[in-house]
Amino acid sequence: MSFLGWVREIVDGVESTAMGLSTTARFLWENTTDAEGGATALTVDYPAAPARVPDGFRGHLFNNVDSCTLCKQCQRACPIDCISMEGELNENAKFRISRFDIDLSKCIYCGLCTQVCPTDCLTMTKGYEIDPVNVVNAHGGRYLFRMRPEQTKRRMDELEVERLNRITARDPRTLSPEDREFLSDIEDRESGRFLFGRYGLGYYTPENKALADAARAERKKARELAAAQAAQVDAAAKASAEGGAA
Amino acid sequence: MTISVGPVSDSIASWLAGRGLPLACSEILAVLLVCVLPVLGIVFPIAGVAQYFERKIAASMQRRKGPMVGATGIVDLVADMFFFWLPRWKRRVIARRVERLPLLGALLRQVRQWGLGSMAADGVKMFLKEDMVPGGADRVLFRGSTYLALTGAFLAFAVFPFSQWYHMGDPPVAALYLGAVTGLVAVSILEAGWSSNNKWSYFGGIRAVAMIVSYETPIALAIATICMWSGTMSLQGIIAAQYHPGWFSFSGWNLFQSPLLALLAGVYYIAALAECNRAPFDLSEGESELVGGFHTEYSGLRWGLFFIAEYSDMLLVGGIFATLFLGGFQSPIGEQWIVSLPPFAEAVVHTLIAVAKAVASVGVMMWIRWTLPRFRIDQVMKLAWTKLVPLALFCLFGLALTQLVASRRVGVVQVAYGRYLSAPVVRMDLFTWAASWVVVGGAIGFVVWMAKRDAPAQTPEMRRLLGKETA
Numbered sequence: 001m002s003f004l005g006w007v008r009e010i011v012d013g014v015e016s017t018a019m020g021l022s023t024t025a026r027f028l029w030e031n032t033t034d035a036e037g038g039a040t041a042l043t044v045d046y047p048a049a050p051a052r053v054p055d056g057f058r059g060h061l062f063n064n065v066d067s068c069t070l071c072k073q074c075q076r077a078c079p080i081d082c083i084s085m086e087g088e089l090n091e092n093a094k095f096r097i098s099r100f101d102i103d104l105s106k107c108i109y110c111g112l113c114t115q116v117c118p119t120d121c122l123t124m125t126k127g128y129e130i131d132p133v134n135v136v137n138a139h140g141g142r143y144l145f146r147m148r149p150e151q152t153k154r155r156m157d158e159l160e161v162e163r164l165n166r167i168t169a170r171d172p173r174t175l176s177p178e179d180r181e182f183l184s185d186i187e188d189r190e191s192g193r194f195l196f197g198r199y200g201l202g203y204y205t206p207e208n209k210a211l212a213d214a215a216r217a218e219r220k221k222a223r224e225l226a227a228a229q230a231a232q233v234d235a236a237a238k239a240s241a242e243g244g245a246a
Numbered sequence: 001m002t003i004s005v006g007p008v009s010d011s012i013a014s015w016l017a018g019r020g021l022p023l024a025c026s027e028i029l030a031v032l033l034v035c036v037l038p039v040l041g042i043v044f045p046i047a048g049v050a051q052y053f054e055r056k057i058a059a060s061m062q063r064r065k066g067p068m069v070g071a072t073g074i075v076d077l078v079a080d081m082f083f084f085w086l087p088r089w090k091r092r093v094i095a096r097r098v099e100r101l102p103l104l105g106a107l108l109r110q111v112r113q114w115g116l117g118s119m120a121a122d123g124v125k126m127f128l129k130e131d132m133v134p135g136g137a138d139r140v141l142f143r144g145s146t147y148l149a150l151t152g153a154f155l156a157f158a159v160f161p162f163s164q165w166y167h168m169g170d171p172p173v174a175a176l177y178l179g180a181v182t183g184l185v186a187v188s189i190l191e192a193g194w195s196s197n198n199k200w201s202y203f204g205g206i207r208a209v210a211m212i213v214s215y216e217t218p219i220a221l222a223i224a225t226i227c228m229w230s231g232t233m234s235l236q237g238i239i240a241a242q243y244h245p246g247w248f249s250f251s252g253w254n255l256f257q258s259p260l261l262a263l264l265a266g267v268y269y270i271a272a273l274a275e276c277n278r279a280p281f282d283l284s285e286g287e288s289e290l291v292g293g294f295h296t297e298y299s300g301l302r303w304g305l306f307f308i309a310e311y312s313d314m315l316l317v318g319g320i321f322a323t324l325f326l327g328g329f330q331s332p333i334g335e336q337w338i339v340s341l342p343p344f345a346e347a348v349v350h351t352l353i354a355v356a357k358a359v360a361s362v363g364v365m366m367w368i369r370w371t372l373p374r375f376r377i378d379q380v381m382k383l384a385w386t387k388l389v390p391l392a393l394f395c396l397f398g399l400a401l402t403q404l405v406a407s408r409r410v411g412v413v414q415v416a417y418g419r420y421l422s423a424p425v426v427r428m429d430l431f432t433w434a435a436s437w438v439v440v441g442g443a444i445g446f447v448v449w450m451a452k453r454d455a456p457a458q459t460p461e462m463r464r465l466l467g468k469e470t471a
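Listed in order, the protein sequences are those of chains G and L. Numbering-wise (our numbering), the first sequence opens with residue 1 and increments by one. Numbering-wise (our numbering), the second sequence opens with residue 1 and increments by one.
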C-alpha cells in the first residue's frame, strides 16, 4: 500500500464514522424532540396517551336508544346471544324500548348486529378500554351495559352533558355536594357506574353521538344511491324489454 | 503520627478534632472521607445510573422508546401485602385506585413514562441472583478476578485530580502510574476467562490481552507526548500547564494548541475506547460470537461488579482525556475567578466540572457504541499497529519539532496556576499558534487532499458507500 493509500484509508475511516455518528445523532434528536419519524411516530405511551385505532375498528357496541324500534333484528343476528331487550308503553301509549342489554364479556365484535339494524341506531364505537371480565366481576352483575327504564326516560341536554363530562374528569373526592347530587341522579345504583357519558357507552357522549350520526347519514346516503341505481337499472331493463317487445 | 492525603483532608481532620474527636480518629476519618468519597459518592452512582441512560440513548438512536418499566409492580406488591385477605382482583382494583391519587399518581406516571423502574428492577435482580461458580472452575481466581477488575478501575482514581485542593494524591509520576494501573483490567479479564473453565470465556480473555498489548502502545505514546509537551508527569502539572488567564480559558487547552495535538487526542480517544473494552472494540465480550465472552459464567452481583468496573473505566478514561487534552477540571471560560475561590468552593466547582467532562465523554462512548458495529480481531489489530501507532509517533515527533521551533521564538515559561506552578513549558503566542495551525494543518490538509484525489478508496465497503465500484 502506498503512503497516499494509507492516508486515504484513514480519511475514509474517519469520514464513514462521521457519517454513521451523524445518522445516529439525527435519530437521537428526532426521537427526543418527537420530530416526524421518531419513536413517537411508531410507539404510543398507551396508558399515558390515547392509543390510535385504525379506521373501521370494531370496538364496543353502542345503541342510540332514541332511534331504536325494538325490532330485535340484532338479537336474532347475534351468533352468541349477547343482546337482549324489553319494551314498554310510554305515557303517550307509544311502544318504546325500556331495557337494552349487551353483555360485553360475551360479545365477539363481529358487527353482524350493526349490519342488520334497520335504523342504524346500533353501531360499533372505537372504544376498547373496558375489561368486561374484571368490570363484571367487580360489579357482581352479568351485564356490563344496561339501559334501565328510568334512564331511558331521562334525557340530558347539552349543558348537562358538558357538566357530566367536566365532573367525571375530576377526582371524585373534590366534588361539591351539588355535583354529587347531580351524579346520583344519573348513576346506576346497581352497577355503580355512570351509564351516560363516562366510558362512551351511553347515549349522550357528544363524540359518540356525532360519530353515530355521521355513520348513519353516510349509510343513508349509500342506501339512497343504491336505490337510485337499482331504479335506473330497472327502468333500463323495462325500456329494453319494451323495445324488444316492440 | 499524622495521616494526611492533602490539605482538604487536613482541614476536615482539624474541623473534626475541633469538635472534640480524638486526633488520630479524626485524621483517619478525614482520610477515609477524602479517599472513599470519589469512589462511593461519584463513580458508583454514575456507573449505576449509566446503565439506564445507555439503554435510553441506545433506544433513541434506534427510534425506540427504551425501558418503560413503571412502578406498577411495586404498587401491586404493596396492595398485596396490606390487603392480603381480599381476592386478587380487588387488590388490583385498590392498586389502580392508588395509582389515580393526585400526587402519588402523577409521580408514578412519570416514573412509568421515563422507565425509571428499570433501574430499581435491574439493581434488585442483580443483588438477588444466585452467585454461581461453575463446576471445574478455579474458584479462587474466578472470585478474585471481579475484585481485580474493580481494583484496576478504582486505583487509578487515587491520582485523578478532581480539583486543585481535592485529590487523593499527586505523585510526580502519576502518568506512569496510570498506565500501569489501567492495564490491570486486562489481567482481570484474562483471569476471569481462564478460571471460568469455558472455551468461549477463555477466547474472550485472550482477545482482551491481545488488544491491551496493542492499544497500550498508542496510549503510552500519547501520554508520553503530553508529558513532553507539559514537561511533567504530574497530572496537576499537566493541568497547570494548560491554564490560560482571562475570559477564554479554553484557549489554553492542549486540544487547541496544535493540529497535531488534536490528532493525538483522536488517537488517544480511540485507543482508550479499546482499552475500556467498549464497542466497537468489545471483542472480549462478543456476545454474537463468544456467548458473553469473559463474563459468560458470572451471575448476579459478580457480573454487576464487572459492569461497574466497565463504567468506572469509561469515567476514568473520560477524566484522563479531559486532563490531557481539555484542561482537566478547568472551566472553559472564566477560569481565573474559579481558581481564586476559597479551597472548599474551588473543590466543589472544579469537581463538578471534572465530573461533567468525564460524563460527557461517557456519553460520546455510548454514542459510538450504538453507531459502529463490532470489529473483527484482525481489523482491531490492524487499526492499532498500522494506523494509531504511526499517527501517535508522527504526533510525537511533530510536537517535539513544534516545541523546538516555538521555544526559539517565545522561550520557556512557568505557568502559575492557583497553588501549582507548572514545569517550564513553551507557551505559544498568537503568531506561533497561528503558524502551527496554518503550516501543520495545511500540510495535513494537503496530504489528505492528495490522497482523496489520487488514491482510490481502499476498502470495498467505502467504494460501495461512495458509489464507485470500480477503481
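If you're looking for bench data, these hints aren't it; they were derived computationally from the structure. Glycine residues also receive a C-beta, built at the ideal position from the N, C-alpha and C atoms. Be a bit skeptical, because a hint or two may be false.
Unchecked claim - One-sided and incomplete, this derived list gives chain G residues near chain L with beta-carbon spacing under 7 Å: (1) LEU4; (2) GLY5; (3) VAL11; (4) LEU21; (5) SER22; (6) ASN31; (7) LEU225.
Hint check:
no.: 1; hint: LEU4; in the structure: 4 Å, holds
no.: 2; hint: GLY5; in the structure: 5 Å, holds
no.: 3; hint: VAL11; in the structure: 5 Å, holds
no.: 4; hint: LEU21; in the structure: 5 Å, holds
no.: 5; hint: SER22; in the structure: 9 Å, violated
no.: 6; hint: ASN31; in the structure: 4 Å, holds
no.: 7; hint: LEU225; in the structure: 44 Å, violated
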